[in-house]
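Undergrad: Letter by letter, the chains look like this.
Protein chains: 6
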Amino acid sequence: MTRPDGRRPDQLRPVTITRNWLDHAAGSVLVEFGRTRVLCAASASVGVPRWRKDSGLGWVTAEYAMLPSSTHTRSDRESVKGRIGGRTHEISRLIGRSLRAAIDYKALGENTIVLDCDVLQADGGTRTAAITGAYVALADAVAHLRAKGVLSGEPLPRSVAAVSVGIVDGEPCLDLPYEEDVRADTDMNVVMTGDGAFVEIQGTAEEAPFDRSELDALLSLAEKGCADLTAIQQESLA
Amino acid sequence: MTRPDGRRPDQLRPVTITRNWLDHAAGSVLVEFGRTRVLCAASASVGVPRWRKDSGLGWVTAEYAMLPSSTHTRSDRESVKGRIGGRTHEISRLIGRSLRAAIDYKALGENTIVLDCDVLQADGGTRTAAITGAYVALADAVAHLRAKGVLSGEPLPRSVAAVSVGIVDGEPCLDLPYEEDVRADTDMNVVMTGDGAFVEIQGTAEEAPFDRSELDALLSLAEKGCADLTAIQQESLA
Amino acid sequence: MTRPDGRRPDQLRPVTITRNWLDHAAGSVLVEFGRTRVLCAASASVGVPRWRKDSGLGWVTAEYAMLPSSTHTRSDRESVKGRIGGRTHEISRLIGRSLRAAIDYKALGENTIVLDCDVLQADGGTRTAAITGAYVALADAVAHLRAKGVLSGEPLPRSVAAVSVGIVDGEPCLDLPYEEDVRADTDMNVVMTGDGAFVEIQGTAEEAPFDRSELDALLSLAEKGCADLTAIQQESLA
Amino acid sequence: MTRPDGRRPDQLRPVTITRNWLDHAAGSVLVEFGRTRVLCAASASVGVPRWRKDSGLGWVTAEYAMLPSSTHTRSDRESVKGRIGGRTHEISRLIGRSLRAAIDYKALGENTIVLDCDVLQADGGTRTAAITGAYVALADAVAHLRAKGVLSGEPLPRSVAAVSVGIVDGEPCLDLPYEEDVRADTDMNVVMTGDGAFVEIQGTAEEAPFDRSELDALLSLAEKGCADLTAIQQESLA
Amino acid sequence: MTRPDGRRPDQLRPVTITRNWLDHAAGSVLVEFGRTRVLCAASASVGVPRWRKDSGLGWVTAEYAMLPSSTHTRSDRESVKGRIGGRTHEISRLIGRSLRAAIDYKALGENTIVLDCDVLQADGGTRTAAITGAYVALADAVAHLRAKGVLSGEPLPRSVAAVSVGIVDGEPCLDLPYEEDVRADTDMNVVMTGDGAFVEIQGTAEEAPFDRSELDALLSLAEKGCADLTAIQQESLA
Amino acid sequence: MTRPDGRRPDQLRPVTITRNWLDHAAGSVLVEFGRTRVLCAASASVGVPRWRKDSGLGWVTAEYAMLPSSTHTRSDRESVKGRIGGRTHEISRLIGRSLRAAIDYKALGENTIVLDCDVLQADGGTRTAAITGAYVALADAVAHLRAKGVLSGEPLPRSVAAVSVGIVDGEPCLDLPYEEDVRADTDMNVVMTGDGAFVEIQGTAEEAPFDRSELDALLSLAEKGCADLTAIQQESLA
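Residue numbers (full-length UniProt numbering), protein chains in the order written: chain A, 1 to 238; chain B, 1 to 238; chain C, 1 to 238; chain D, 1 to 238; chain E, 1 to 238; chain F, 1 to 238.
Be aware that one or more of the hints could be misleading.
Said to hold, decoys possible - Taking lysine-lysine and the BS3-like style, the derived pairs with C-alpha atoms no more than 30 Å apart in a straight line are: (1) A/K148 x A/K81; (2) C/K224 x D/K224; (3) A/K81 x D/K224; (4) A/K53 x D/K81; (5) B/K81 x B/K53.
Hints were generated in silico from the structure; no laboratory data involved.
Just so you know, these numbers come straight off a predicted model, no measurement behind them.
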């Protein structure tokens with residue numbers, strides 16, 4: 001099988017991570033997975049939400065959104081509709097949970113970091129690009145806090161990265177662009193730590209239920225992809 | 001290890017499915033997984049949403065909600081807050097996708113079935129109980145449509161059931177009640193067809209990332225649990 | 001005249017009150033007026049709304065809602081619509097006022113009780129069933145608070161019950177099911193105390209204005225119905 | 001007993017009805033019950049809501065609102081809060097039902113009349129003033145439609161008027177201003193037709209439940225008050 | 001050129017300012033520019049918004065709205081739509097900024113004045129009438145605060161007034177009614193202080209862009225109109 | 001006077017216009033005024049809003065928004081707040097009106113172009129950068145429509161550009177960055193056509209009212225700035 005863009009089944013799209021893309025945020029990254037382009041900004045502030053006050057623990061949360069012009073056909077703004085859609089909610093929550101898996105709340109202290117992941121252009125895999133980029137923005141924000149002297153320990157004991165996998169025309173493939181995504185029978189997003197443990201698995205049978213051996217093949221592909229992304233993150237932060 | 005309620009790690013809570021719990025809906029089921037109690041109602045109507053008109057295909061969708069008094073501490077009503085929360089959105093979407101995996105849209109014809117899953121009492125596993133019960137309500141609604149003579153083929157080629165699994169105190173366990181759920185390191189919801197294929201996998205490392213072997217153990221537990229639930233569904237529908 | 005279900009004009013439908021229907025709430029009742037089925041849950045919490053703080057007085061409030069599948073034809077969820085409808089607002093306020101008439105705020109102390117009345121199945125008279133059942137749930141919640149030792153006096157000096165009356169085909173009738181309700185010229189809901197005083201009267205000429213003698217006949221029927229309901233409440237609480 | 005403004009218990013406040021207060025609406029009235037001042041405007045348009053199309057029947061509906069500066073202490077705008085409160089919903093629905101009792105839908109034909117009742121100054125009895133004034137605005141709008149030749153029959157076979165009654169310091173009183181309203185044990189709003197039949201009764205025991213004889217006294221007072229208001233309406237329209 | 005109502009191009013419509021139109025507000029004015037009629041109410045309260053606390057400075061804000069029946073064709077209520085439209089937001093902000101230009105925050109002390117400008121009838125120029133009337137209501141509210149002894153200095157060092165100007169059929173005209181407004185090529189609203197300085201200029205080329213000399217002519221007309229309005233305000237307050 | 005960044009009072013910040021920044025939109029531009037960075041995307045679609053159907057005329061509208069991370073301190077998302085703020089509304093309307101001044105609706109035919117202006121980084125002048133960039137995106141979208149053969153005439157008879165001017169420390173200055181903007185006494189945004197006519201003027205006395213001669217100086221500066229921007233637009237489109 002040849003993929004539309006000539007990649008091998010276990011090959012990522014070209015991935016670029018541009019740090020410090022913004023002037024104001026504590027950390028900011030423009031991450032690109034092929035034509036998918038997400039702006040990840042980490043804003044740090046002193047204090048935590050009310051329900052966490054005086055716990056000595058920090059907090060990390062995320063918000064995901066797509067620009068109206070990011071999609072093939074313009075999408076309506078959620079601010080204009082007056083409510084956030086289910087998909088947006090779901091992805092914001094996924095990103096938040098994933099990044100919180102990288103954090104040691106105690107070492108962060110009572111500081112909050114908000115990760116804004118805004119999709120500037122969408123071509124499949126926006127949530128996995130967002131998580132991968134947001135980790136780098138988070139690392140920069142932590143460095144920013146450390147430079148300000150507000151941290152005592154190391155709040156980032158591990159890294160996280162994420163990738164999509166799917167079964168396209170019967171073959172398990174890594175990092176699907178939109179064109180493959182709409183044709184996939186099964187679609188899975190996997191978030192892993194830099195040392196190869198799982199943080200999140202979300203697999204959906206879009207067209208046909210999948211059996212255990214297909215599932216195993218997808219998980220192995222995802223392990224490979226997340227390892228590659230971890231290397232790219234480390235290089236970017238070096 | 002002994003579980004708080006004395007169950008073996010691979011054992012379901014007592015599951016009961018009461019059909020025809022309501023007088024008006026085409027199908028209605030009160031499903032209980034231990035103390036978790038969900039009312040699943042399937043309402044059938046002629047026609048499909050606008051974007052699907054004249055396709056010859058049917059539609060199935062779901063809405064999940066919790067009564068304010070269903071939880072240990074009363075929760076605020078989403079209708080009063082004026083917006084649906086992310087968790088509700090996420091679960092409604094999961095139930096809808098899961099049930100659609102059971103449906104042959106063509107055989108359903110241009111009819112819509114809405115599955116309302118209202119949690120009357122919550123004690124862990126509300127979304128998996130909802131899916132398991134909603135399948136039975138859906139089967140009753142399909143029988144209702146068949147009796148009315150509006151179906152030509154068989155719109156339910158397969159069944160679906162769902163169960164939660166998790167790692168509690170280091171041990172993989174099936175069907176977690178609230179008490180175990182809050183202590184679990186990892187929490188996974190798995191939806192499967194009656195013949196043992198996967199429809200949805202949603203796994204989250206709540207406290208600690210999990211490795212591949214833990215993941216494999218959880219998946220095997222889930223396969224066992226879904227098979228047991230399928231038998232209970234079949235018995236209920238017999 | 002014969003009523004569709006064979007009742008005399010001044011006869012209630014079969015009424016059942018099942019206490020402790022839920023595990024978590026301080027008081028919970030499944031009340032049934034014929035096929036109308038309402039789940040009434042009373043949640044108690046320490047403290048009162050801000051505008052009542054440091055008054056030494058308690059507070060009681062109510063929220064009414066219908067499950068989408070409770071009606072003959074499925075109704076849309078108010079949480080999905082993003083706003084509460086006028087009818088829901090109106091009934092929630094009626095239930096709250098009615099139950100507050102039973103309460104001695106001083107003896108309750110600075111505690112709040114919320115009464116959630118969720119209609120599981122609707123067949124006419126949902127608001128009157130809700131008030132009648134909510135009183136029993138409230139009594140159980142008060143007993144729960146008393147057992148916890150937080151009350152000094154008796155916060156429930158009187159009971160309340162409610163019933164609908166209407167003129168159907170020219171004849172005044174008690175406790176209308178849906179079938180009669182849609183045909184009624186006049187529809188009235190009456191809330192009374194256990195010792196026969198009026199708390200609320202809401203009468204509406206649906207089809208034809210009514211004269212003073214018809215009004216008098218309806219009020220007498222309601223007095224009889226509320227007395228019967230009071231007896232059923234007392235028996236249930238005995 | 002002397003009332004604060006020197007009235008007899010069965011006496012209305014000075015009532016004035018100023019027709020044609022606006023230039024654009026089909027009918028418009030500034031109605032004053034003492035210091036209570038409500039602007040009632042009737043807007044007529046061709047056509048009816050979708051659910052009533054091709055029925056040959058007309059429709060009448062009402063919206064009630066208070067200006068922020070109409071109350072003793074400024075109230076927040078419901079447009080700014082983004083939702084309509086329960087009280088507003090309740091009163092809008094009451095006004096709509098009351099005016100619809102005056103209408104013959106068939107003679108109105110497929111036309112819609114919206115009655116906007118905006119409280120410019122509130123001093124008790126705003127809803128009853130609104131209904132009383134809205135009837136006159138409605139009569140003017142019907143005359144406007146008749147002049148345009150779109151009506152065949154007589155869409156206003158009867159008039160409606162409304163008044164509040166209450167028990168203040170143990171004595172039944174007619175048409176309560178704010179000062180008496182807050183002190184009343186019982187508060188009742190009664191809507192009647194011009195020929196003395198009841199359209200709506202809404203009575204609430206604010207402080208103490210009331211007995212049948214008190215209720216009878218209040219109803220007789222309301223009959224007297226509505227008859228007086230009917231005379232004032234007729235004079236105004238003459 | 002003759003204007004539809006016979007005015008000279010630099011002539012205002014008949015302007016009337018009726019003070020104390022309401023009983024409750026600290027200041028209230030019914031302002032009329034021809035058939036445009038706006039109720040301006042100033043409500044004073046102790047304290048300032050949170051972000052301004054302990055600054056020693058006061059605050060002034062404004063809310064503008066139109067009654068549904070104020071326009072030629074009935075407009076929907078923003079409270080019913082559940083959101084405030086862009087035009088309403090824009091005008092509320094303009095009125096607030098304009099009145100704040102008249103205020104010395106320090107002399108006002110930590111008091112807040114809200115200006116509610118509700119359009120009872122619209123015939124062009126509602127925002128300029130609102131500003132002109134709101135100034136008078138504000139002056140009355142300040143006098144009210146002074147009488148209560150809560151002010152030390154003079155919080156109103158200058159007055160403001162506003163007028164619309166536009167190019168109609170090629171000729172610059174002052175104070176456009178609706179009929180001219182819809183035909184205007186250019187439409188400008190100008191807010192000025194009583195001593196002839198500019199506070200706000202908002203000019204829009206509705207049909208055709210305008211050149212510098214047209215702009216200069218419009219500005220001169222506005223200077224003349226604001227001076228006339230200032231005289232009327234002073235007379236009203238004398 | 002020396003400006004913080006060394007510019008002359010009548011000098012623009014470095015302006016760059018990058019066309020085709022996105023792959024999907026009919027026209028897309030990243031416009032930079034110094035550190036202010038706005039993504040302007042023009043989406044074209046067949047058809048017009050309902051109220052304009054069968055008029056033969058096209059439609060152009062705009063939506064403006066700021067990314068949460070674009071500002072010095074993170075701002076909350078309007079989609080999360082569930083409502084669009086007044087400032088956003090105001091600027092979206094300004095951009096829409098400004099671009100419509102460049103359009104010949106008849107030559108556009110019944111097509112709609114939506115201009116999305118999303119601020120990626122804010123450093124003063126976001127609305128003027130948005131208008132200036134959106135014109136170029138609009139020109140590209142029109143070229144795109146022309147290439148598809150759906151246009152008969154020339155829908156863009158003129159160009160528009162916009163700039164801010166203000167009085168900073170007593171001196172009129174062109175194109176204010178945030179640092180100057182917060183210190184300005186007066187702030188004015190001016191939109192002009194490529195041939196030097198005015199489309200919009202919005203001037204506000206932030207701190208002190210301004211006199212006619214200051215106003216004249218600001219207008220002259222704006223004329224100079226818009227002419228410079230027009231040249232940059234033409235170069236970019238050449």
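Undergrad: Look at each hint and say if it fits the structure.
TA: Tested hints:
| no. | hint | in the structure |
| --- | --- | --- |
| 1 | A/K148 x A/K81 | 40 Å, violated |
| 2 | C/K224 x D/K224 | 29 Å, holds |
| 3 | A/K81 x D/K224 | 51 Å, violated |
| 4 | A/K53 x D/K81 | 29 Å, holds |
| 5 | B/K81 x B/K53 | 33 Å, violated |
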